[in-house]
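The residues making up each chain are set out below.
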Amino acid sequence: MKVLHIAHREFVSFFSTPTGWLVMGGYLFLTGVFWTYMVENYVLQSQDLVYNPAAASLLNLTDYLLAPFYGNCATVLVMVLPAVSMRSFSEEFRQHTMELLATSPVSTAEVVAGKFLGALGFVTVMLTVSLYQPISLAQWGDPEIGVLFGSYLGMLLLSSLVLSLGLLISSFTSSQLVALVLTFAACLVLMVLDWGASSPDAWNARLALSSHLSDLMSGAVKLSDVAYFLLGSATCLFATHQRLESFRWS
Amino acid sequence: MIQVEKLTKRYGDTLAIDALDFEVQQGEVVGFLGPNGAGKSTTMRILTGALGATSGRALIGGIDVYENPRAVKQLIGYLPESPPLYVDMTVRSYLRFCARIKGAADPKAAVEQVVHRVGLASVAHRLIDHLSKGFRQRVGIAQALVHEPKVLILDEPASGLDPAQRKEIRELVRELADGDTTVILSTHVLPEVEALCDRVIIIREGRIVASDQLARLGGDATAIRISVARPDDALLPALLGLHQVDEVTREAEGRYRVHASADVREQVAAVAVPYGLLELSGQRGLEEVYLQLTGEPS
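As you go down the protein sequences, you meet chains A and B in turn. In this text, residue positions in the first sequence follow the numbering used here: the first is 1, and each later residue adds one. In this text, residue positions in the second sequence follow the numbering used here: the first is 1, and each later residue adds one.
If you are wondering where the hints come from, they were derived from the structure by calculation, not from laboratory data. Incorrect hints may have been included.
Pairs of lysine-lysine, DSS-like flavour, derived with a Cα cap of 30 Å [to be verified]:
1) A:K2 - B:K108
2) B:K133 - B:K150
3) B:K150 - B:K108
4) B:K150 - A:K2
Taking CB as the label site, the calculated pair distances span [to be verified]:
5) B:D64 - A:H96: 41 to 51 Å
6) A:H96 - B:E112: 23 to 33 Å
7) A:M191 - B:K150: 50 to 60 Å
8) B:D64 - A:S250: 15 to 25 Å
9) A:V189 - B:V189: 44 to 54 Å
10) A:H8 - B:G61: 39 to 49 Å
11) B:Y66 - A:F172: 31 to 41 Å
12) B:E112 - A:M1: 16 to 26 Å
13) B:N68 - A:Q242: 30 to 40 Å
14) A:L207 - B:Y66: 18 to 28 Å
15) B:R257 - A:Q242: 52 to 62 Å
We treat Cβ as the ideally placed atom computed from N, Cα and C, and that holds for glycine.
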């Protein structure tokens, strides 16, 4: 129960600070612009192909609209998520409120879980609002449900990993800015890790974000990819827990 | 209610507190007194379970802080040196959050009760960010009280406040102390201790240098400062010859300081008048004891 109280406070605080609104507004605006532009482009292309049935049969919503669009969304997410997690512990340190949590009858695990769930809840709201895009598309077209499901699952799992990483990093600094920059840098490293990988089985290709994300978002939900995100999140959250516990022994 | 045995905390090479031993009975109000950096906050933070001790142990209500921190935290209310406030919340929603995570039986009722008790009703709907320092301190105290703890640990509850606010906080703590609540408060302001506490524990460099009832500790000890117009070598032995005078030090030409175990101002004046007494001031008990024990130059 106390986990939920902590999560609830965290969740609500996103709506009482400019950061929360900026993140949500920024994400929805950027993806909205992409969506408008890409849908328009798709419509133009399909009009061009009215008299070319052979080429038109190759044009489909999944490959020419949804896949590239959700690829962009994931990139935007990685850009805005560090701003969601940056305040989690940094702000507690700066305002000395960590002392409240540390002296209340709640365990460190409950604090970490509450923070994580609050932030993930906020991102879930943001992603839910963005559902207007596929819903509006379903009015006129017939998008593949599997791809949509995979894309949203992928974005949720991606959020979980980036937020946990951000939580861990913010537990090391009382400066939100430092937490933001370092989390973003860490995400960038995870994203480009597979550049120049010798084969898809090389260690850096297996560790990189993008390879796990792209399969998920094409609708192929594999246990190994889901496990990558869940284990990554769990590792970061556990490390955060240990970091916070270490304050008692400083 | 509180038992502390050989409590030691080391930060790297520095010894913050060194084998502290003390006990606090239920309902007692104990003042922790000492210069900055003496180890007051460290001791309090160990009692709250926020900090682990290097060795020794602390029991609150018979429960070991290290072995069962959660049960101990349920028993205590703690106000750190800087009140832990989420400034983007309103007073009421903040206190409600505190009541919930501290496991108050009925959070809503507990919040309304504490809001009235601490005198926050007029600002309960406002953002903490917009409150004055005095009100913020009250919110900090309300936070510590909201789950009706048996033990209250207040770290410098009146620091940074103006005299009027200090008085209000002091009255608030006294009200609490009249009940069954056990209170430990730290301060380096002596009048606060004298106004509030049954007992004083003076610590210096991590060690307890005195722990006694306020009346006994302060006792009748006095330090008297005099300055005379015509200093003479005969004055010093004359002062020393007085009954109950322990020590006389010459601070400057014509200025003396008399340490006595009783209030001997009248006798000192009588001795000093023939030498042209210009000034005589007495320092009351606790202050004198405190300065002696903590070795702070006055």
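Tested hints:
1. A:K2 - B:K108: 16 Å, holds
2. B:K133 - B:K150: 26 Å, holds
3. B:K150 - B:K108: It holds: about 20 Å lies between the C-alpha atoms, which stays within 30 Å.
4. B:K150 - A:K2: Distance of about 21 Å is within 30 Å: holds.
5. B:D64 - A:H96: 41 to 51 Å: 27 Å, violated
6. A:H96 - B:E112: 23 to 33 Å: 26 Å, holds
7. A:M191 - B:K150: 50 to 60 Å: 53 Å, holds
8. B:D64 - A:S250: 15 to 25 Å: 21 Å, holds
9. A:V189 - B:V189: 44 to 54 Å: 52 Å, holds
10. A:H8 - B:G61: 39 to 49 Å: 30 Å, violated
11. B:Y66 - A:F172: 31 to 41 Å: 26 Å, violated
12. B:E112 - A:M1: 16 to 26 Å: At 21 Å between Cβs, range holds.
13. B:N68 - A:Q242: 30 to 40 Å: 21 Å, violated
14. A:L207 - B:Y66: 18 to 28 Å: About 39 Å separates the Cβ atoms of L207 (chain A) and Y66 (chain B), which means 18 to 28 Å is violated.
15. B:R257 - A:Q242: 52 to 62 Å: Holds: the Cβ-Cβ distance is about 56 Å, inside 52 to 62 Å.
In this structure, the earlier hints numbered 5, 10, 11, 13 and 14 are contradicted, and the remaining ones agree with it.
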